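Quick note, the sequences are listed as chains E and H, same order. Note that the numbering used here has the first sequence beginning at 1, numbered continuously upward. Note that the numbering used here has the second sequence beginning at 1001, numbered continuously upward.
Please note that a few of the clues may not be correct.
Unchecked claim - According to the in silico footprint, chain H covers these stretches of chain E (three or more CB under 8 angstroms from chain H): (1) 57-64; (2) 108-122; (3) 163-173; (4) 224-238.
Hints are computed from structural coordinates only; laboratory data are not their basis. Bear in mind that the values here come from a model prediction, so they are computed numbers and not experimental data. We treat Cβ as the ideally placed atom computed from N, Cα and C, and that holds for glycine.
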Amino acid sequence: MENSAVLSVDHLQTCFFTKKGKVMAVDDVSFDLLKGEILCIVGESGSGKTVTALSILRLIDHPGRITGGKIMFGKKNLLELTIRELQDIRGNRISMIFQDPHSSLNPVFTTGDQISEAITAHRSVSRKEADARAIELLELVGIPIPEERFHEYPHQFSGGMKQRATIAMALACAPDILIADEPTTALDLTIQAQMLDLFSELRKKFNMSIIYITHDLGVVSEIADHVAVMYAGRIMEKGCRDDILKNPKHPYTKGLIDCLPSEKGKPASIPGTIPNLINPPEGCIFHPRCRFAMEICRLRRPMPSKTNNEHYVSCFLYGDI
Amino acid sequence: MKLAAYYWERIKRQRPAMFGLGFIIFLIILATLGTYFTKSPTKVNFDEKNLPPPGYTVEHSMYSAQNESFITTLQEGTWEHPLGTDSMGRDMLAQLVSGARVSLLVGLLATGIAIIIGAVIGVTSAYFGGAMDDILMRTTDVMMTFPFLLLLILIMYLFGASLTLIILAIGLTGWTGTARLVRSETLSLRTREFIMASKALGAGDLRIIFRHLLPNTLSSIIVLATLSIPGAILAEAVLSFIGLGDPTVASWGNILNAGQGSLETAWWVAVEPGVMLFLTVLSFNFLGDGLREAFDPKGE
Chain E
1 MENSAVLSVD
11 HLQTCFFTKK
21 GKVMAVDDVS
31 FDLLKGEILC
41 IVGESGSGKT
51 VTALSILRLI
61 DHPGRITGGK
71 IMFGKKNLLE
81 LTIRELQDIR
91 GNRISMIFQD
101 PHSSLNPVFT
111 TGDQISEAIT
121 AHRSVSRKEA
131 DARAIELLEL
141 VGIPIPEERF
151 HEYPHQFSGG
161 MKQRATIAMA
171 LACAPDILIA
181 DEPTTALDLT
191 IQAQMLDLFS
201 ELRKKFNMSI
211 IYITHDLGVV
221 SEIADHVAVM
231 YAGRIMEKGC
241 RDDILKNPKH
251 PYTKGLIDCL
261 PSEKGKPASI
271 PGTIPNLINP
281 PEGCIFHPRC
291 RFAMEICRLR
301 RPMPSKTNNE
311 HYVSCFLYGD
321 I
Chain H
1001 MKLAAYYWER
1011 IKRQRPAMFG
1021 LGFIIFLIIL
1031 ATLGTYFTKS
1041 PTKVNFDEKN
1051 LPPPGYTVEH
1061 SMYSAQNESF
1071 ITTLQEGTWE
1081 HPLGTDSMGR
1091 DMLAQLVSGA
1101 RVSLLVGLLA
1111 TGIAIIIGAV
1121 IGVTSAYFGG
1131 AMDDILMRTT
1141 DVMMTFPFLL
1151 LLILIMYLFG
1161 ASLTLIILAI
1171 GLTGWTGTAR
1181 LVRSETLSLR
1191 TREFIMASKA
1201 LGAGDLRIIF
1211 RHLLPNTLSS
1221 IIVLATLSIP
1231 GAILAEAVLS
1241 FIGLGDPTVA
1251 SWGNILNAGQ
1261 GSLETAWWVA
1271 VEPGVMLFLT
1281 VLSFNFLGDG
1291 LREAFDPKGE
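With the sequences and hints as input, model every part of the structure.
Here's what the structure looks like:
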C-alpha cells in the first residue's frame, strides 16, 4: 500500500440553518484517506457521519451549507470547483452508495439501463459497449446470470441484489474513491457478511480507496484499515484499526467498545444522549456524558493530540494541555 | 416493454375502460378516415333541408305564395343522408365526422399543451424550491382563481375566433391542475434516495428532471391527461355553443348551437352532436378511471 493521501479533508465544517437556529452538523473534521485503504467512520446516529460523506461530494441540500474547510482531491479543492467540474468527478472519480438499496434505484427503468447510464454519463462509449460493460459489472458484484438480470426492474431484485446493483453503478467508471454510507444496515446479517467480503475484494481489484460509514464496530473490525470515531459532528479519535479497537484512548471510544456484548457480562451503555447541536455544550462536546470530565473540559475545546504513530485523540486526558 | 404489457393486462380487466378505449379508437378512425367517405359537410341544399334520418317521417309546412296558404308535406328520411340534414340541407353525418376531427384536435392538442406547461412548471417548482417555488405556485393560484370562461371569452373577443386560438387559449389556461399534481409528486420523489444517488453519480439537474422525476410521475400525468381531454372538448363545445367558436369549421358545439332553435321540428340536429359529445366525454372519463385503477399499486 502506497502511503499517499488521495483525499484529504481539512477542518471541514457543515452547518444547517434551521428555523430554530444554526446546527453544526460537522465541526472541524479533518482526516486523510490513503490510496487503497478502507477508512471507517464510526459513530452513533446523528453524529454527522453521513453529513461528512455528503459534504465530500457537496451533496448537502438547502438549508445546509458547507461553511468552512478544504477537501483536497489530488490537487483540486472540491469545495472550489464549479458545479460542472464537480459533476465530472461525481460517479467518475468519487462514487457513493447509500443506506437503503430499496430506494436507491429508479423503479421505472431496468437495472441494467441504470448501470449503462452511469457509464455513458462519463464515458463516450456506444450504448452497446456500455451495456456489455454493465453486464460485466453485474457479474463482478456477484449477481448470477447477469445477462438476464440486466433486463429486470429493481422490484424483481432482492435487497442484497439491489445493493449489489447500486455498487455496480457506483463502480461503473472505476472510481478512485468509493463512499459507502451504511451500505449493509438495511440488509440481513448473512448478506452483510457477503457484502463486506465484496468490498474487500473490490478494493483489491480496483486498488480503490473506500470510506465506509457504519455504527457497527463489528464491521469495523472486519474491514477497516483506519478508523475515525465521530461524536456530535466532531472527530473524537482516529488511528489504525488495532489502535482504536484494542487500545482506545478517548472515553467515548471506550464507551462504544464497552457497549458491545462480551463474555464479561451485560454490555454497558453510555449515559445520556447526543447533545442538542443548536446549543452545544461549551468546551469538549462529550463532557456532559463523560466519566472523566474535569474542570477544563467544561471550558476549553480539546485539540487532537498525537499519542503515538498515527493515533490522534481529542481529549484533555492525553497530551499536553 | 414488459411494464406496458403488465399494465395492459390490468386495463383489459376493466369493462368501462375497454368500452371507452374502443369508442375513442372508433372516433379517431372516424376523424381521420371518415372524411373520405362522407359528403361535404358544408354543401348547402335547400331542397333537402331538415331531412330526418331514414325510418322517421316529419311534417313539413311551407308557405306557398302561389296558393297563398301553408302546404304541409310529409318528409321521409333517405339513406342518402343516414343521419338526416340540418336546416340548410347539410348532411349531418358529414358534419358529425368533421366535428369529431375538431373535437379530437382540440382535446388532444389543448391537453397536450396544458400537460407540458403544467409538468414543466410543477417539476421546476418542486425541484428547485425556495423563491422559485413561491413565484410559480402563486402564479398558479392566480391562474386557478381567474374565471376561465371569462378569460376565454375575452381572448375570443379581442383576437377573433379561430380554431388555433381556441386550442391555444384552452391549453394556456388549463395547466394549473397538472402543475399542482406534478409538484406534489415531485416533492415526495425528491427525497427518495435514488435522486441523491444519481446526483452522487454525477447527474445534472436536467438529467434528474427528465430521467428520474418526470418518468416517475408519468402514470399520474397520463391519468390526469386522459381525464382532462373531455374538459377541453367541452370547453370548445361551450365556446361554439355560445357563438364564440370558429364559425368556419363544423364542430359539435356549432351544430348544437344551430340545432337548438329547431328542437321541435328537427330534433336530430341538436340530439346527434349532443349524443356524440356525451359518449366522447364518457369514454375518456371511463378510460381515465381505468388507467388510474391500473396504475394504482394498491389495486392488486
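Hint check results:
Closer than 8 angstroms: that is the beta-carbon criterion, and the region 57-64 of chain E has 3 residues meeting it against chain H, so the requirement of 3 holds. Beta-carbon proximity to chain H at under 8 angstroms applies to 6 residues in the region 108-122 of chain E; the threshold of 3 is reached and the given coverage holds. For the region 163-173 of chain E, the stated coverage by chain H is satisfied: 4 residues place a CB nearer than 8 angstroms to a CB of that chain, which reaches the threshold of 3. For the region 224-238 of chain E, the stated coverage by chain H is violated: 0 residues have a C-beta nearer than 8 angstroms to a C-beta of that chain, whereas at least 3 were required.
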